[in-house]
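Asks: From first to last, the protein sequence lines stand for chains R and A. Residue numbering for the first sequence follows my numbering, starting at 1 and increasing by one per position. Residue numbering for the second sequence follows my numbering, starting at 1 and increasing by one per position.
Errors might be hidden in some of the hints.
Stated by the list, open to error - Distance condition first, Cα-Cα at most 20 Å in a straight line; then the derived SDA-like pairs of lysine to any residue:
id: 1; chain 1: R; residue 1: K2; chain 2: A; residue 2: P139
id: 2; chain 1: A; residue 1: K50; chain 2: R; residue 2: E48
id: 3; chain 1: A; residue 1: K50; chain 2: R; residue 2: F145
id: 4; chain 1: A; residue 1: K50; chain 2: R; residue 2: S16
id: 5; chain 1: A; residue 1: K112; chain 2: A; residue 2: M95
id: 6; chain 1: R; residue 1: K50; chain 2: A; residue 2: F144
Hints listed in this document are in silico derivations from the structure and should not be mistaken for laboratory results. As the structure is a prediction and not an experimental result, all values here were calculated from the model.
Spelled out, the chains give:
There are 2 protein chains.
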Amino acid sequence: MKSLLDQLCIVMIHTSHPGNVGSAARAMKTMGIHDLRLVNPTRFNSPETKALASGADDILANARLCTTLQEALADCHYVIGTSARSERSLRWPQMDACECGIWVAEHLPKQKIALVFGRERTGLTNEELEHCQALVHIPMAFDFFSLNIAAAIQILCYECMMAVRRTAQTSAANHELDEEPATAAAMENFFTHLETALVEVDYLDPDNPRLLMRRLRRLFGRINPTQSEVNILRGMLAAFQGRKFARRSNS
Amino acid sequence: MKSLLDQLCIVMIHTSHPGNVGSAARAMKTMGIHDLRLVNPTRFNSPETKALASGADDILANARLCTTLQEALADCHYVIGTSARSERSLRWPQMDACECGIWVAEHLPKQKIALVFGRERTGLTNEELEHCQALVHIPMAFDFFSLNIAAAIQILCYECMMAVRRTAQTSAANHELDEEPATAAAMENFFTHLETALVEVDYLDPDNPRLLMRRLRRLFGRINPTQSEVNILRGMLAAFQGRKFARRSNS
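Model the full structure from these sequences, guided by the hints.
Replies: Listed below in C-alpha cells is the structure:
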C-alpha cells in the first residue's frame, strides 16, 4: 500500500555499532517508514544487525549504502539534521520532535524529506550540517545525557507517523467542510473589524484598548478558524453594526 | 531536584535479554524517570546491561529487584499495563501512548503510578493483567510487528515527560490568568444569548437556525474558554444589543 511516509527517509552517517543499524530498522518498520540510507557504516552486515532488526530484514535488504552524504541526499528536497540539544545558533530553523512530525506531515506530499543522524558519540560535523535546511532535537530531562541513536530514530519516526495520521484525520474533516484555514491577513482584518465594532458600542475604550484586545486575540486565536468561519464571524459583526458584510470578500 | 516524574515507576517482568534492561534504564534517564523495578530478570547484572545503560548506572544501581509483581506494585496507587495492540476486550480502559502521557501527568500529583511491561515475546499474562487498572498501547503501522521493549519504554517515558511539561506550562498560564474553565452550563447560556442576539439583528432566521448555530457551536467549542472569557463574550453581545451584561453573573 502506498503511504505518504514512503517519501520520508532516514540517513545514518558513520554508524559504528552494527546493532544500532538493526535497532533503527526495527524502529522505522514499527512506524511504517522503510527508506534507510547508510553512509559508510561500520560492519553493517554483522549477525548483531540482523538479530536486533528482529523482522525488519526487508528494510536492511533495501537499505542504500552510500559513500558520501551528498550521494544519500541526491533525490531529497528537504534535509533535517538531528542534534542532541536545541542549538544556540540561529543559522538553522529549530524544531523539537513534535514540531518536526507536524512539519514533515505538512510537507511530505510535495517533497522527499530526509532525517539525518550523525555518529553515535559526536553527531553531525559542521560540513554535514551544511547539507541541512533545519535542525530537530528531542526534548530531554538533562542536557548532558544522550539518547541512543535507535531510540532517537524511534521517537522521531513515531512523531512523524502520528502527525501524518492526525493530518489525514484533519484533512478528512476539512474535506467534509470543504474549507481552507483562514490566512493571517484575514485574521488581522477580523480583529480590526471587531475592534471597530466594539468601539462603536462603547464596549472598548479606544484610548485604552490594549488588555481587552490582547485577551480577544488570545481567545479567537485559539479557534484557528477556516476562511468561511471568519466570514461568519464578520457577518455577525456587520449585522450587529446594522450593515451587511460581503461574505466573499477577503477585505 | 524533586520532580513529579519521581512518582512514576517502570516495572519490567521476566525480562530475558539483559541488554534490554540496560537500554530501558538509559531510555528512562533521558526523560527524567528514575524508578525501575525488575521482577525476576534474567542475568540482570551482565556486562551488556551496563554497556547499554551507557551512563544510566544510577538507575540500575537503585533498581528494585522483586520476586513477584505484587511486591513490585506494593506502594503504587494506579497500574497501567502495556499491550502490543489496542485490545478488543472492554475489561480495561484503553489508552494510546499520547493519552497515557496526559493521564499520567494529570494524576501523578496525587498518586504513584506504575507502567508495567511484560516479557519480550509474550507480554503480560492474564494473571498479571489482573493487577492493572488500565491498558496502554503504542500506535504502530502494522498489527503483527512489535516494538523492542526498551523502544516502547522510550516512547512512553517521552510522552509522560512531554505531558508533564505541557501541564506545567498550562497551569502556569492558568495561574497567570487565575481562572477556571467555563462550565458546560455557562457555555449553554452563552449559546442561548448568542442565538437571541443574532435573531434580533436578523442575522439568524429563527425558523431555520440549525446549520448556523451548529457551526457556531463547533467554532466556539474549540476555544474551550475560561469563565471570564465567557463573561467577555457575553459582555460584547450585551453591548451589541445595547444593554449591559453583569460580568459577575453566571446566568
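Asks: For every hint, state whether the structure bears it out.
Replies: Right, here's what the structure says about each hint:
no.: 1; hint: R/K2 to A/P139; verdict: 19 Å, holds
no.: 2; hint: A/K50 to R/E48; verdict: 18 Å, holds
no.: 3; hint: A/K50 to R/F145; verdict: 15 Å, holds
no.: 4; hint: A/K50 to R/S16; verdict: 18 Å, holds
no.: 5; hint: A/K112 to A/M95; verdict: 18 Å, holds
no.: 6; hint: R/K50 to A/F144; verdict: 18 Å, holds
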